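Could you put together the complete structure from these sequences and hints?
If you read the sequences in order, they're chains A and B. For the first sequence, the positions run 1 to 583 when UniProt numbering is used. For the second sequence, the positions run 1 to 363 when UniProt numbering is used.
Everything labelled a hint here was simulated from the structure, so no lab data went into it. Being a predicted model, the structure only gives us computed values, none of them experimental. Fair warning: there could be bad hints in the mix.
One-sided and incomplete, this derived list gives chain B residues near chain A with beta-carbon spacing under 7 Å [stated by the list, open to error]:
id	residue
1	E131
2	K223
3	L227
4	E242
5	Q259
6	A262
7	S343
Quick reminder that beta carbons are idealized off the backbone N, C-alpha and C, glycines included.
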Amino acid sequence: MNVSSEALAKPHRRESGAHLPRSAEPAPTSRVWEHGLPALGVLAGIILVLGPFLATVIRSLLYWDVDGTVSVTLLNFTNLLGDPRFLEAARNTLLCGVGATVFSCVLGVSLAWIVSRTDVPGRGWFEVANLIPFFLSPYVGAEAWRFLAAPGSGILHRLAEQYFGLKLPFLNIYGLGGVIWVLSIFYTPYVYLFVISPLRRMDSALEDAARVHGASFVYTLRRITLPLLMPALLSAAMIVFVTSAGLFDVPFALAATHGIRTVPTEIYSSLQYPSDFGRASAFGMLMLCLTVSLTLWQRHYLAARRFETVSGKGYRPRIIVLSPLGKVAALGLELLFVGVGVVLPIIALIMVSLQSIWTGQFRTGFFTFDNFSYVLLNYDLTRTAIGNSLILAVTGASIGVGLSVLQSYFLTRGPARGRGFIEAVLSLPIGIPGIILGLGFLILAVRTPLYSTLWIILIAYVAHFFPLAVRTVTAMLVAINPELEQSARASGATWWQTMRYVLLPLLKPALIAAWLMLFVIFIRELGSTILLFGQGTETISVALVALSERDFGFVAALAMIQVVLLLSAFALFRVTRTSLVQD
Amino acid sequence: MTLRTTALAALMFGAVALGQASAQEAPALKGASPEEKARVGALIEGAVKEGSLSYWDTVIQPGTNDKLVRAFKERYGLPAAFKVNYTLSQTGDLVTRIEQELGASRVTIDVAAISAPIWVFERMNKGELLEYRSPEYAHYKRIFEAGLGVDGYFAFNGGYVFVPMWNSENLDFKGKSYTDMIAAVPEGKLSMGDAANSTTFLATYMGQRTVLPADFFTKLAAKKPILLRRSEQLAAGLVTGEQTMTLSGMPTRAYQMNQKGAKLKFVFPKEGVMLLAPSTFILAKAPHPNAAKLWIDFILSETGQKILTESEALISGRAGFKSPIPEYSPPIESLNLIKFDWSKLNVQDMAKAKADWLNTFNP
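Take a look at the structure:
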């Protein structure tokens, strides 16, 4: 299983087992480290989660009257619920979330099935290529698709008209359809990662039995394969829904400009002059109720179900030999996905970034490298932004992984009492949309020296995404038998020595995977940054938003730089994974 | 006196003399009266100690700011290490940021230029703007008389207007009035500024509503216009052909894009245009007040205005200033300006106008 899917799926747990022999009881100082440090990590995690959460709750209950008097009331909520624009935003957000989830699930399962269960040519290559959109920024994807499919000026429109005399009025990236399209492309790899492992581990005898008894291919798929995939698929669907519904970037680029509101863009809008923190907080609270409930339901659902695709028998899933037509269809779907998710957006960005002025088509007379030299060398904002993003990604990923080791240790080796509750609390940030978390930290930090600094952005990043690292590390930690540590302790090693020489080396692959995953997410993160940045603390994503309102060439050049950074991380990820397999 | 004391005294004398010499070398001090020399000298000394300046604007492109910074440092003989931190922002974002900083008493911004007159007047009345009597204000008397600035608090660094604009490669428009646009542009191919999310577009709408009937805006709304937050986006949409015409074209952007090969045209409609004057002020709690005062002096000077007009096609409010590109940046007296007294309005009036705009365009 790919490490990323382990990070997103709920890990299995193994109890720590036997106690240490009496002779190896640790010294009191060692015991303080052993229990104190992981507990401190957990405490830090809880503060990171509850701090912004409580700030948003409290702010949503405060109402400032015209004369400046403050009261504790539900007025922010009643005002919001009585506003038809809230209902419109909620409806649109729901549509985006559901639409993106449905399309991502259909595409993700299809692609995973093609790669894992069929003999389509180039499976190894597609296995890698299908993951690339996971590493790219949805905001950059939205910008690229603007260049490709904006009505009247999109590259695809121009090509269709120029070469085929065709007009494509249906191809309009602006609006909810465009948002769902881009979200689906970028969230399909999430579903793919979730379901490819169960598909590979599935006992093909079940499908064979169905086919022997006369079931058609579609019937077998519907009644055998999909039900077996259901736990993984539902987990993926939940993550995709919660994440896509809470995403600010794509609706901001493709819907807000056309007067279409969603909850994240309305929260942003509420904080524009004249700012209404009460309205924004109430928006955030209502959204949180939905996403956190879904996250908790997902945890409950997974805890109650058993994964039944894996048995004790050793077997390989049967590879289905596709008919020539089937091969063409499967190959076509793969090429289409990689084309629309990776190739076309990157081509569009390259074309636009090499033009002094973008006219909707590539003109040799406007060819220039100036956009790259401008964003890399001549523009303070972008140079600062690239530096800040790298600082945040490297530092944030390191802190996130450090924190995840302590928390995972506590959750797998620590006291069993209250563990479920702590784990549930620590997993909450996954269900909190970035912009709401950013709002919470803004409320907390606005009157402190942290306001407008890189520190507050760093804290928000770590708070939002550490659960992903915790899951990756925990998944590995539960697979390591505690007897290894107990042997080291019985031989006289201190807790710290045991960690350093036994546990951490064994955890290394998971730590690298978690670090790279956080690095990638931090490089492209926008939702929580957009409310927290200040002068000199802009990130690449913030600079992209600023440039997207100014010059297509600049934004495309900076987007290409971000793509190169993210693809480098992807390449590193692959290299790491290769060594993982060899180990 | 020991050798050591003598050497120390000589060193100190040398340092003072060097400091004075470098301050005297600053072009800003040449030919100035002794009082002015003392005043500017003290500001320069203070600015050097402060080391930087935080300047936010909603119009000036970073490339233009680079030119301004070079000229600014040269004028006052500021060291290479002196840094002007510049941010180009959206008006609403900038207002929000300043509000947050004022509310939290954590001001990081020194100078800002914003076309949100009602808001600026309110901030001034609350004592949140620094009172500074720049000598350059002497050249902006008529601006103060017109209510576009307040002596001792703010003038504008360069005005601009939003007018009907089109790409002449895609449309041959001969109209002279706002109302001529209605027939010239098909549904879905018109763009305009998003007044719900931009105070400058809202201000323009408030002005236009005084010279245009409500019916005009209803007809405009029926064209299902694309609503954008920035003038750069509006111009870029015309260049790519995504839209045919915009209600909110900024001649500045036409000037900048036409220099790169675009064919944008615009008209100053006969009904009049709303002049947006980015009030350029210093915040009372500015962390670098000396540098901020020098910046205000510079940006309103003949040199500053020349750079702004040549690079941004902004309309200068400085008396006697001759525009080098009058077709894009006409003299202020040649424009039919919509008369509007911002000092008599408040935030509630803006909120009302915003609600009116929302009801018409229902975005």
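Original post:
Among the hints numbered above, which are violated by the structure, and what are their numbers in rising order?
Top reply: 1, 2, 5, 7
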